[in-house]
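**Q** Mind docking these for me? Both chains are given alone in their own frames, and the hints should help you get the complex.
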Amino acid sequence: MTNAQPSIGVFTTDTDLVIQVWDAALARLTGISEETALGKTVTALLPDLEQRGLLKRFQRSVKDGVVEVLAPAFHHYLIPCAPLTPAKHFANMQQRATIAPLRDGDSIAGLIITIEDVTERLESERELATGLAAGDESTRLNAAETLSTDESYDATPLLGALSDNSWRVRRAAVQGVSRRAAPEAIAALLNSVVEHHHNASLLNSALQVLASSDVDTLSPLLQLLQGPEPDLRMQAALALGEQRDARATGALMNALKDDDANVRYHAIEALGKLGAVDAMDELADIAESRDFFLAFPALDALAKIGDPRIAPRVVSLLEDDLLREPAISLLGQLGDENAVAPLTALLNTPDAPTDLIAAALAALSDRYAERYGEGRHIADLTNREISPAGVQNLLEALDAPGKENLRPLALVLGWLKRSGVERALTRFMGRDDLRDEIIEALVQHGPATFDLLIPQLESEDLEIRRSAVVALGRIGDARATPALVNTLHDANLAIDAANALGQIGDPQALDGLLSLIGSDDASTRQAAVSALNSLATSQMRKRIIPLLNDPDPNVRESAVKIAGYFGYSESTSDLLKLSSDPIERVRTAVIEHLPYVEDERVFNVLTHALKEETPNVRAAAARALGNVDAPETVDHLVQALADEDVWVRYFSARALGRRRSEESIDALERVVAGEKFNHVRIAALDSLGQIGGRRSAAIAAGLVRDDDPDVARAAQATLEKSRQ
Amino acid sequence: MTSRSQNLVLPEGTSTLIRNLIHERTGMSFDNGKCDLLMDKLSPLVIERGFSSYLDYYYLLKYDETARPEWQNVMNALSVQETYFWREIDQVRALVQTILPQHHAQQGKSPIRIWSAACATGEEPLTIAIALNEAGWFERASIQIMASDASSKAIDRAAKGVYRPRALRSLPLHLRDRYFEQTGADWRIRNDIHARIKWSIANLIDERQIAPLASADFIFCRNVFIYFSEDAIRRVVRSFAGFIRPPGYLFIGAAESLLRLSTDFNLTEVDDAFVYVKRPRVVSTMEY
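Going down the list, the sequences are from chains A and B. Residues in the first sequence are numbered consecutively from 1, following this note's numbering. Residues in the second sequence are numbered consecutively from 1, following this note's numbering.
Just so you know, not all the hints are guaranteed correct.
Said to hold, decoys possible - Some chain B residues flagged as far from chain A (calculated, every beta-carbon gap over 12 angstroms):
{"#": "1", "residue": "Ser43"}
{"#": "2", "residue": "Glu65"}
{"#": "3", "residue": "Leu78"}
{"#": "4", "residue": "Ser142"}
Said to hold, decoys possible - Cross-link-like lysine to aspartate or glutamate pairs, in silico, EDC-like; alpha carbons within 20 angstroms at most:
{"#": "5", "chain 1": "B", "residue 1": "Lys41", "chain 2": "A", "residue 2": "Asp707"}
{"#": "6", "chain 1": "A", "residue 1": "Lys273", "chain 2": "A", "residue 2": "Asp307"}
{"#": "7", "chain 1": "B", "residue 1": "Lys41", "chain 2": "A", "residue 2": "Glu463"}
{"#": "8", "chain 1": "B", "residue 1": "Lys34", "chain 2": "A", "residue 2": "Asp366"}
{"#": "9", "chain 1": "B", "residue 1": "Lys41", "chain 2": "A", "residue 2": "Asp433"}
{"#": "10", "chain 1": "A", "residue 1": "Lys676", "chain 2": "B", "residue 2": "Glu65"}
{"#": "11", "chain 1": "B", "residue 1": "Lys34", "chain 2": "A", "residue 2": "Glu370"}
{"#": "12", "chain 1": "B", "residue 1": "Lys62", "chain 2": "A", "residue 2": "Asp707"}
{"#": "13", "chain 1": "A", "residue 1": "Lys63", "chain 2": "A", "residue 2": "Asp104"}
{"#": "14", "chain 1": "B", "residue 1": "Lys62", "chain 2": "A", "residue 2": "Asp520"}
{"#": "15", "chain 1": "B", "residue 1": "Lys160", "chain 2": "B", "residue 2": "Glu139"}
{"#": "16", "chain 1": "B", "residue 1": "Lys153", "chain 2": "A", "residue 2": "Asp520"}
{"#": "17", "chain 1": "B", "residue 1": "Lys153", "chain 2": "A", "residue 2": "Asp104"}
{"#": "18", "chain 1": "B", "residue 1": "Lys34", "chain 2": "A", "residue 2": "Asp432"}
{"#": "19", "chain 1": "A", "residue 1": "Lys417", "chain 2": "A", "residue 2": "Glu440"}
{"#": "20", "chain 1": "B", "residue 1": "Lys41", "chain 2": "A", "residue 2": "Asp490"}
{"#": "21", "chain 1": "B", "residue 1": "Lys62", "chain 2": "A", "residue 2": "Asp710"}
{"#": "22", "chain 1": "B", "residue 1": "Lys41", "chain 2": "A", "residue 2": "Asp432"}
{"#": "23", "chain 1": "A", "residue 1": "Lys721", "chain 2": "B", "residue 2": "Glu12"}
{"#": "24", "chain 1": "B", "residue 1": "Lys62", "chain 2": "A", "residue 2": "Asp708"}
{"#": "25", "chain 1": "B", "residue 1": "Lys34", "chain 2": "A", "residue 2": "Asp520"}
{"#": "26", "chain 1": "B", "residue 1": "Lys34", "chain 2": "A", "residue 2": "Asp645"}
{"#": "27", "chain 1": "A", "residue 1": "Lys676", "chain 2": "A", "residue 2": "Glu632"}
What the hints assert, rightly or not - Far from chain B, by Cβ distances over 12 angstroms, these chain A residues were calculated:
{"#": "28", "residue": "Pro220"}
{"#": "29", "residue": "Val555"}
{"#": "30", "residue": "Asn616"}
{"#": "31", "residue": "Val646"}
{"#": "32", "residue": "Val680"}
{"#": "33", "residue": "Arg695"}
For the record, the hints were derived by calculation from the structure and aren't laboratory data. Where is the CB? At the ideal position from N, CA and C, for every residue including glycine.
Isolated chain B (complex conformation) (with noise of 0.2 angstroms):
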């Protein structure tokens, strides 16, 4: 047990339970080596809730429906908001000045959706944004960027849009110079860009919560399903398979991957840049 949560009582096999549910409702995963590191972080939340025991508070969040609001509290203690602007910028690149032209070129004046699927304090969004002003795609064609975090508080730091010098740290500096205003110590974003974002809270493990975002072009779902199981990964993809838009652009982080589970999409590589799309659906002759 680590020093922060030495305070409360945690009755044997409770750690099991928690991380079983938290995995179960967010689809976050923690292996036996972790779980120290979870209670860490629920800690806080127990003693503020009053409870003494972690096993209360499992009770808690397994079954009062009346707590419900408690697993934003979760989701705000669990959340790794560690991010920054131009972050792996090989596939915005490859979605600006490839795939997007092709696509807007075959499907021509209906409006394009980007979902940033897990946009933090939403630097990957931002990104997306600029780097299509750069390339003027926003006098071209009607586009609309979604973002959403299963985290409120990294949602309330989106809205804000004023980010520490770390999170520029990979920008080159004229865009800097070009899409932020110093503020003190801080950089806020150009109001312009920023309110081409509309910003939400949800859950990737919850179908009802991303049905409406999902339906979109192209989704952007990086360095999340590191914290994942598996299992969830699967159950998220193929809810993005069954929203998004054909052909249906899926853009994943750097150190992950989906080859190993059998999924909808198919992997490609477009200018040095790998990009999942969906598998075009084989219909059989008996449906005619």
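So here's chain A without its partners, still in its complex pose (with noise of 0.2 angstroms):
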């Protein structure tokens, strides 16, 4: 159980410093009775108050309005009297006084005194202090990690502890320190680097907490930088460097002429650290020394700066044996289309550093694709520039064992125009890694590819199966189809295989791509129709037409699409007729092309359907209504938002907008009003943002702020374009 006893009392005075109020939890710490107090002045009560020099701060208080704090570390005590409890340390109780004065209106009519016993904490603090000489480490690190955590104690005694032999110990008070981090720590901290910066262990925990605590530390730490002693200018450039003050450039910058390497050393990469444009002829000066200790420093802090104004300078770099390979990272970091011409010459020789050019030259190219759209410029720089040698450098790399990242040597290599090239790149089509850069690379070289990529189509890793046919198809060349439509009984690899053939557009490719369209599974189904849409062939008509009337609903509903797409007039009575198809799926897809049928009966059967039909068919009849141009569609959409059918509601609302009719906004207003599902509220303004306008501004802008982020950016966007 805790003392439920106030540790705090308090008394009044007036102006003249006579006691008006003495509470009795002041009288319990201090044995002096209220009777006693009341109506005596403070020297009466308390005579040694002028000799401590402490009657001045009670009438400073009473003049200038001023709260005055007698901190028990100097003073120990106002009122003298003995602890509550013996202590071990202090005869007298400690305590922390305040002292504030009494307002009355806006005249001072006396004083507030706060008295706090401190003693059992103090007594504390001073056992903990102890503990910090004690000869073992865990007293130690028990003392220095309490005296840390527990902000109720002075952070003094940890200073002491900054210079402890044990690393453990140094650590818990460079945290206490720091999180402390008041002014006059800081300053005992300085004082000591300067005394004590002999000690290894001191300076670098005293730096520690410089570089952590929030106080301004640069004018002192700038001060030590210029001081005497090399360790200390050393160590004063680190924390600036680790303070990312950009006020510390300047001297900084005077300390890379400094007389000791290792300050120099220190100051270049706080120079990084701090990203100072303004050091940067300064640091490839010292790179250009050839300095062996200063130049890669000086290379790291140029990349970590990363301004690429410096590029230029870099390059003469690429001729030093010793500074190459970071001047080629530089490069590729920082460098424009100027460094490629360099960058290859360095490929095309014997022993070039191949993979890190590769990489440099790789993300010149990605940087020019994210920023200028024009990553292709980079890849026709180096096609021009690289020589044989160059080539074979790069395919001897990509055939080196034990690498994981192949992507730059693949990307660059694919960039090149060379015999050769594509057979290599062929075989890594299988990496997941390199996938999309093989498959552009295969596609950069065309036609060529070709031979190389038939017999891929037979491999037994199905990833390079896969790749061949992306890459066919992308490539277009029709004398793929026949091997093409031999993958697509490969039902792992149909889906792709349909979409080549469909990139490839040829004819051939019919027999086979219809023998999918009773496929089983849907998306294969739908990859055969795109494909189908995308044949130019006479023959098409002839061959859907009768597979309207297949047994196989699968053939059928894929028969309504292809017919549907193209608009066959002969097949417009099969089409109507399949509205009533027993199967659901078949009656959808006729209902989803009927709008593309040139037909007077089209209309009644869509608006019968959206009424009449199963809730998947309504919903479809409500996507098509969007398409049909008669003026009645708007009164039935309107109807269909009041489907049971959640579905049937948000396409008619969805609809609605492509039908842009001012007449439906009322409706659409009471769906974002009152619809319980969001989605069909975010349909609603989604169509009153394509009918636009003032009132369909009106009613988003109400729902910008809607609790479901997704209704307050749908909101957001349509009041933009009902403004615009």
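**A** Below, the structure written as structure tokens:
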């Protein structure tokens, strides 16, 4: 149980310092009763007040209205009395006293003084300070951690622990001092650094505190940077880098001329961390000096600064055996198109660091692609500059074993229209991480890769087969059709092969693709239908129309989609008849495609389906009516906004947007206000955006702060569109 | 956009919406570079549902309460089921040879519960069962093994207990011959071992679903956090910590780590295997 007795007592005085109130807690703490204290002046009650220099604090508070705090570390107590319980270190109760003015309106009517008994806390603080000097590490560590984490303790004893022999104790001390970061503690620390910097532990701990504190330590660190001791200057440079304060740039640039190489080294690193653009030329000078100790960090700092203007100066370093590799990386990181020629020239030499150069060229290309959409420009420049020796270097690097990241090599090789390259690339078609680069490269090589890709369709590795199919589709050479048609029977490849055949558009694929339209897999059927829709063949009409009456509903569904897409006039009767097909999927397909059929019966079939069909077909009818021009469409769709099925309502709301009819705004507004499902409200909002105008904007404006982010986003988009 | 999804409409920003929704509901994380792959995997579901746009499918997943079963299709489409017997066996060995004997000595006769929380097609819980059987544990103690996965398709396969040879590539041959019977090109696990596992479907991110399973002594949740965001991992591990029985042992994959997250588990090493043990709860004296 904790002691419930308050540890704070209070008394008040008038402006003559005559005691007016003396509370019970204070009487208990001090042993001075209320009767004894009341009516006395504070100097009568505490005769040594003036002698201890404290009376003037009372007088200042009365006169100037300031709050005075008597810290226990300096004053120990205001009212002399014994501790409530005997204390090991203190004969008197240790007190923290606050003297504050009592105000009556604008004037000061007296003082209120609070006295806090801090004896127990100071006792344990003393014990912990003693613990910091103990012989065993665990006692010192325990003391340091307690002082560090409990902020009611004074952090001053921790300053001494910064030079402890144990790194654990030093770490706890650094954390404690950093957390408080009181200006006086920092000042004491700096004094310690200056006086005891020969103690490496203290120096490092102190600088860690400085680097992590919120206090502005720039000035003292700059002073240290100009001090007489090289170690101290070095550590100051280090700390200035950690603080990342750009105001230190000038001083750190001066430190680049320091007599001591270690100071220069840390100044270079610090300038890099600061991103000091002003220091770029000086850092490039250092790199060009080929100083073994400083040139690498100078290049590193330039990389961190990241300003491309320095790249031309780095090019000259490609000739330096020592600095070549960091210079290549830096050019990849910072360079522009002007870096391509020197990098490629180096690639053309024997023993070129091929992987690094490829990585730099790939980085340049990626950056151009991202920033300007012109990655191809770097590819073209490389292609122009590279020699057969350079190509050979790349091919050999691709074959070298044990490499994880082959992307840069594959990418750069893909740019090169040289014999042998595509053959090398096809060997890596099965690698997931290179798939996009290899396909892109093979596509760039065009029909020349045809003979290489066709055999890959027989590979045992599914990913290789898939890559070959995709590449052949993108190359678009009709010679690939028979081989691709053969892969349609591979269930794992059917969709990709159908897509590829659609891209090629060769009529020879007709039979193969038709064989897929009865597939049980909806994605495969869809891919086959899309591919067939891409074929330009007069045979299509003749082949498709009979399939509208095929016994297989999958075939009928696909045939409907194709006949509907091409809008064959001869198929109209069949399509209308199929709107009563026993299979829902077939009816859905018919309804979706009827808007593209020119026949006066279509409108009635669609509106009938919208009212009388199954939910899925009604939803399809709503979608379809969005593509019908008849003015009566709007009424039907508005009625469908009240359909019992949520998806019929959703697609009706969307379809009204396509009709762009202002007559539907009232209905859409009701949906926005009263619909239970938010996606239907969103569809209504989107449609209001398509219709536009002030009313739509006003409806949307009320929802831009809706709790549902999707609704809010749709409302915002509608608002912007409507205003346009 | 990859080739499979090219027949569908993908309005701008929709892939991000879908990615975020999937992360929220399943914990699975797809970065920008993997969005195409995600759309590719979902494309059959969008087509099967009769939609022509991913946006419609997003609304279905997010708002249509009647479409809850569709989430199971999503989990089936996204789950990675490539695993094998005797994978990362050091942890199972540490359980069987060191941790379980200590635990059994301390806990006495109360049944021991082991949960394989992302069991895919069942290789992990069956590996544990084989290892326990080899050490004679089923005769010495009452042991319940529960196994779950978010994919119903994976659990259906696990319940069949038939595996391709590739799944047995790391299993010592003598164990393969002792515990499996060949059926054509495939291998069927012995019935008495298979019957020791209780299979179920559970989404790790849904506390209600995992509550009945996670009150276990040992949780194996390996090679699943690599697909999760840090937030999702934190949520799942917090749930584990809430339900697991003290002292509470959590086994995660060798390529995974909880050290960068603040969790209720401490990492410890047992017989060269890394194991997380639930941190004992500190009881303040104020509570007395």
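**Q** To test your reading of the hints: which numbers does this structure violate?
**A** Result: hints 1, 2, 5, 14, 15, 17, 25, 26, 27, 30, 31 and 32 break, sorted rising.
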